[in-house]
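Respectively, the protein sequence lines represent chains A and B. Each residue of the first sequence is one higher than the last, beginning at 486 in this note's numbering. Each residue of the second sequence is one higher than the last, beginning at -2 in this note's numbering.
No wet-lab data here; the hints were simulated from the structure. All C-beta atoms in this analysis are idealised placements derived from N, C-alpha and C, irrespective of residue type, glycine included. Among the hints, a few may not be true.
[Said to hold, decoys possible] Some chain A residues flagged as far from chain B (calculated, every beta-carbon gap over 10 Å): (1) 581; (2) 595; (3) 855; (4) 1070; (5) 1106.
[Stated by the list, open to error] With beta-carbon atoms standing in for the labels, derived distance ranges: (6) B:252 / A:673: 42 to 50 Å; (7) B:259 / A:550: 26 to 34 Å; (8) B:181 / A:560: 36 to 44 Å; (9) B:181 / A:652: 46 to 54 Å.
[As the list claims (entries may be wrong)] For lysine to aspartate or glutamate, the following EDC-like pairs were computed, each having C-alpha atoms within a straight-line distance of at most 16 Å: (10) A:1069 / A:1015; (11) A:697 / A:908; (12) A:1069 / A:762; (13) A:697 / A:905; (14) B:107 / A:493; (15) A:692 / A:713; (16) B:107 / A:671; (17) A:901 / A:987; (18) B:113 / A:496.
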Amino acid sequence: MGKQNRNEELELRVFRSRVFICIGISILMVVILFCNLYYLQIISYQDYKTRSNENSIKVMPVVPPRGIIYDRNLVVLADNAPVYHLVLFPNKQIKTKDTIVELDKLLELNLSEKDISRLLYESKTRKRFSGVELSNFLSEEQIATFAVNSYKYPNAQIVANLKRYYPFADITTHTTGYVSRINQNDVKKLASSGKLENYEGSTEIGKLGIEKFYEDSLHGETGSTKVEVNSHGQVIRTLNYEPPVPGKDLKLTIDIRLQYYAQEIFGHMKGAVVAIDPSNGEILAMYSNPSYDPNPFVRGIRSGEYKRLLDNPGHPLINRATQGGYAPASTVKPLLCVMGLNEKLITTKGNFFGAPYFKLPGSTHQFRDWRAWGHGWMDLYRAIEISADTYFYDLAYRAGINRIHDYLDRYGFGKKTGIDISEESLGINPSRDWKKSRFNQQWHLGDTVPIGIGQGYWTSTLMQLAKAHATLANRGVTRTPHLLKEMVDPTTNEITAYTQEEPEDTLKVTDPQYFEDCRIGMYLVVNGPEGTGRRAFFGAKYKAAGKSGTAQVVSIKQGEKYNAAKLKVEHRDNALFVAYAPFKQPRILVAVILENEGGGSTKAAPVARAMIDKYLLDLYPNGYMGDPNPQVVKFGMGGTVVLQ
Amino acid sequence: MFGLFLALCFSLFVLYSASGQEADMLIRQITRTGAAFVLMIAVAQIPPKYFAKASTYLYIIGVILLVLVELFGDISKGAQRWLNLGIVRIQPSEFFKVVMPLSVAAFLAKTALPPKLLHTICSFIIVGIPTVLILMQPDLGTAALVSVAGFICIFIAGLSWWWLIAGAIAGAAALPVIWNFVLHDYQKQRVFTLLDPSSDPLGAGYHIIQSKIAIGSGGLYGKGWLQGSQSQLDFLPEPHTDFIFAVLSEETGLVGFLILISLYCFIIGRCVVITLNARHNFERILCGSFTFTFMFYIFVNIGMVSGILPVVGVPLPLISYGGTAMITLMICFGIMMSIHTHKKVSFFKKDNK
Chain A
486 MGKQNRNEEL ELRVFRSRVF ICIGISILMV VILFCNLYYL QIISYQDYKT RSNENSIKVM
546 PVVPPRGIIY DRNLVVLADN APVYHLVLFP NKQIKTKDTI VELDKLLELN LSEKDISRLL
606 YESKTRKRFS GVELSNFLSE EQIATFAVNS YKYPNAQIVA NLKRYYPFAD ITTHTTGYVS
666 RINQNDVKKL ASSGKLENYE GSTEIGKLGI EKFYEDSLHG ETGSTKVEVN SHGQVIRTLN
726 YEPPVPGKDL KLTIDIRLQY YAQEIFGHMK GAVVAIDPSN GEILAMYSNP SYDPNPFVRG
786 IRSGEYKRLL DNPGHPLINR ATQGGYAPAS TVKPLLCVMG LNEKLITTKG NFFGAPYFKL
846 PGSTHQFRDW RAWGHGWMDL YRAIEISADT YFYDLAYRAG INRIHDYLDR YGFGKKTGID
906 ISEESLGINP SRDWKKSRFN QQWHLGDTVP IGIGQGYWTS TLMQLAKAHA TLANRGVTRT
966 PHLLKEMVDP TTNEITAYTQ EEPEDTLKVT DPQYFEDCRI GMYLVVNGPE GTGRRAFFGA
1026 KYKAAGKSGT AQVVSIKQGE KYNAAKLKVE HRDNALFVAY APFKQPRILV AVILENEGGG
1086 STKAAPVARA MIDKYLLDLY PNGYMGDPNP QVVKFGMGGT VVLQ
Chain B
-2 MFGLFLALCF SLFVLYSASG QEADMLIRQI TRTGAAFVLM IAVAQIPPKY FAKASTYLYI
58 IGVILLVLVE LFGDISKGAQ RWLNLGIVRI QPSEFFKVVM PLSVAAFLAK TALPPKLLHT
118 ICSFIIVGIP TVLILMQPDL GTAALVSVAG FICIFIAGLS WWWLIAGAIA GAAALPVIWN
178 FVLHDYQKQR VFTLLDPSSD PLGAGYHIIQ SKIAIGSGGL YGKGWLQGSQ SQLDFLPEPH
238 TDFIFAVLSE ETGLVGFLIL ISLYCFIIGR CVVITLNARH NFERILCGSF TFTFMFYIFV
298 NIGMVSGILP VVGVPLPLIS YGGTAMITLM ICFGIMMSIH THKKVSFFKK DNK
């Protein structure tokens, strides 16, 4: 700075001249702006005034029709039925609250204070032209009353719309789920996933089951219509129509006839049944009893109705097929035999003496067998056939919890089965770490022993049990149980089938014969001379295999006897049965749980038999029914059996 | 200061209408306005020599931040403009609205004016680096504003007319290149839309058509406060930010525009006086740049809303809703106030002797 050749005079002169040039340019800018505004506001005023009054464009969302849900034979399980509802288009000139209160009185909508404040909230947050639904399902009388008085409420309109309707009501609830009004939580979720814009104008969203799981496919893409309206918001003409992309139709694997039949069999019994095609994981029926009607949820369930569902001692809201955690009991014995054979802990021909009870070395605690006097000598086949507890106490003791945990994990216990509904519990696959984190206690040897008969800390969902048994029935090939068969694009008729993503090598054993041996054990349960399921399957026209289970709900003290009559109903045993048929190439596998109904072989087995009969003999009598050239197999302790 | 105060009060009235009579928004804006006012007065207490001294560091920090934006910036509305610092998200391009004139003025003030060839080239480079970085974000509007602020500095410092003529010719020659290789499709679309808004009445032209209808239907006296059908019925996009002028024009008509422009002219007039009275080249150039950039903002915003300039995101100074732009502007005013109040105790006097 301060160089010798600086000429302050010159600098100042240049600077001033430049500032004046800028001032000149600024004045020019102001003049340009003024001229333009003068042109717009004075010269073209009439033109723009007319356009403002008559010609404005507004964009309204067009909600796509929701995809229809079908069963495997295209029977409609979830439909779109036309309904009329009252919609309020908030307008700053008209008091929204007054309108709501007046309409409530006029049409007897029975809105509570809470409803009104919710509606006011919605009217503020919704975009102007999407409107707020005051009432859905208007009766014809209400429609008429409104029509007469509509001139008083220029911002309210009756809108025809499609609402979800579930024709089979409580039969399909736990499968299809339902849709219900979009609430603030949903809005937050949609906003965070960037889908909110696509729900402009939509009022419902899938809340449960298939409706929730496949929400994105069922919903489709919202379209728009651009219309000219006058300054009062009335439509003059449509300028442009962007059609919505309709939601995809879903074809489920469910056979509604089998599902319906399941409800019939259950009657008042609490419990659930799952029927799967073990070869591909398709769920043929999944029913949880008691159930409930999903239709009130669509129209907005009243708090009294909802309270009744919540307080119902049968807990209908719980899906017992995927959410109930039960001790799997003796049904898992064949699964554990696969472990025993593969780990060389047992052989098919090895003899074992079934005492009345099992004792850990150095302990006096008796792990009793279900039969007070024991079973005598047995091999693997007979152990499964008669469901000898001591055999499996001994097996579990020798295998140790780490190995058991590993195999149960491979069968899929303690984790999601991958079924395509979101309501699924994990169950418990017990381990040292699990007990440490759950109870902060060490694992004891005594904890391992009851695991051998599917009791103790082990809990499973019915779906997990069905999946594990399907793996065995399939000779080691695991398939994810699923409800979706295919998705159909209604505009192009393009079909997307469900794709299995189950890893192939979850349950590898050194000799595939191990699976066959355990299957033969299950065959004997149903067909053998001492089989626990023998009575239930007597005279069946096909050859089935199965396994019963009776799960203690409360533990019985040492030296006491189980006496159902003395116990409270909710403390009685759970009855379980898993069965599949035809034996050689199973087409259906049924898993049943009946809460507090007692013995698996006496109560649950007949249900499984009925389901299989219905499916193989009544619904699909022309499928594979067993090998016409039966195979005679000698097994174990001198018996023979005819495998079909 | 009085003029600023009036303009800000005016803003609150318009904003109340534009926001759909939302009290929350109004309260937030009042809070921000108050904070910005306090900030302005605080900045005015700092003697100008510190601004000159800090300019180099601020410039370097600014460029680093812009590079960081390019590398790690948050993407919002398809453009990478924000830098997420965990607690706050900052927009470094906004920062340059203040730093650019500061840096260029400080650089040019170090030499005799009018600048020599070498100095001119250097100052253009100083303007160019951040401009290119902001263009890459892409943010055409801010890039234009920032480069104009820098350019005004050079111009006021006495840029040779030969440069201007050569620049104009080069610019004209470069237009096709810029059009084909620099502009994004959506930016090209905006130019097309400007030329003929009715060609796409539902897409890009929608904003301009609606905004022109709002302004035009305002007439001489307007439809009255809170009575604008275009703005109140939600036909206008972003009525409380960039398009707030349309609300103002619809509801207060040409008279409203005249009141607003008078307020602006009053503020600018006062700024020009400060500029002419400034004692040192740095102060002169800086004040001149702030003053005329302010005018440029007004011109671009009103021009775009009334359909004579392409739509770029430039808020209407002092009126639009929003914190960052307001704070930036108030800092500029604070610096000018500082220059005005500290001129009697010039720190550059001994150098200038």
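Hint check results:
1. 581: holds (13 Å)
2. 595: Fine: 31 Å to the nearest Cβ keeps residue 595 of chain A off the interface.
3. 855: Check passes; 63 Å lies beyond 10 Å.
4. 1070: Given that every Cβ of chain B is farther than 10 Å from that of residue 1070 of chain A, nearest at about 56 Å, it holds.
5. 1106: With a cut-off of 10 Å, residue 1106 of chain A remains clear of chain B, as the shortest Cβ separation is near 60 Å.
6. B:252 / A:673: 42 to 50 Å: holds (45 Å)
7. B:259 / A:550: 26 to 34 Å: Because 57 Å falls outside the window, the suggested range is violated.
8. B:181 / A:560: 36 to 44 Å: violated (53 Å)
9. B:181 / A:652: 46 to 54 Å: Given about 53 Å between the Cβ atoms, the range holds.
10. A:1069 / A:1015: violated (21 Å)
11. A:697 / A:908: Measuring from Cα to Cα gives roughly 10 Å; hence the hint holds.
12. A:1069 / A:762: At roughly 14 Å apart (the allowed maximum being 16 Å), residue 762 of chain A and residue 1069 of chain A satisfy the hint.
13. A:697 / A:905: holds (10 Å)
14. B:107 / A:493: holds (14 Å)
15. A:692 / A:713: violated (36 Å)
16. B:107 / A:671: Outside the cut-off at roughly 61 Å; violated.
17. A:901 / A:987: holds (12 Å)
18. B:113 / A:496: holds (13 Å)
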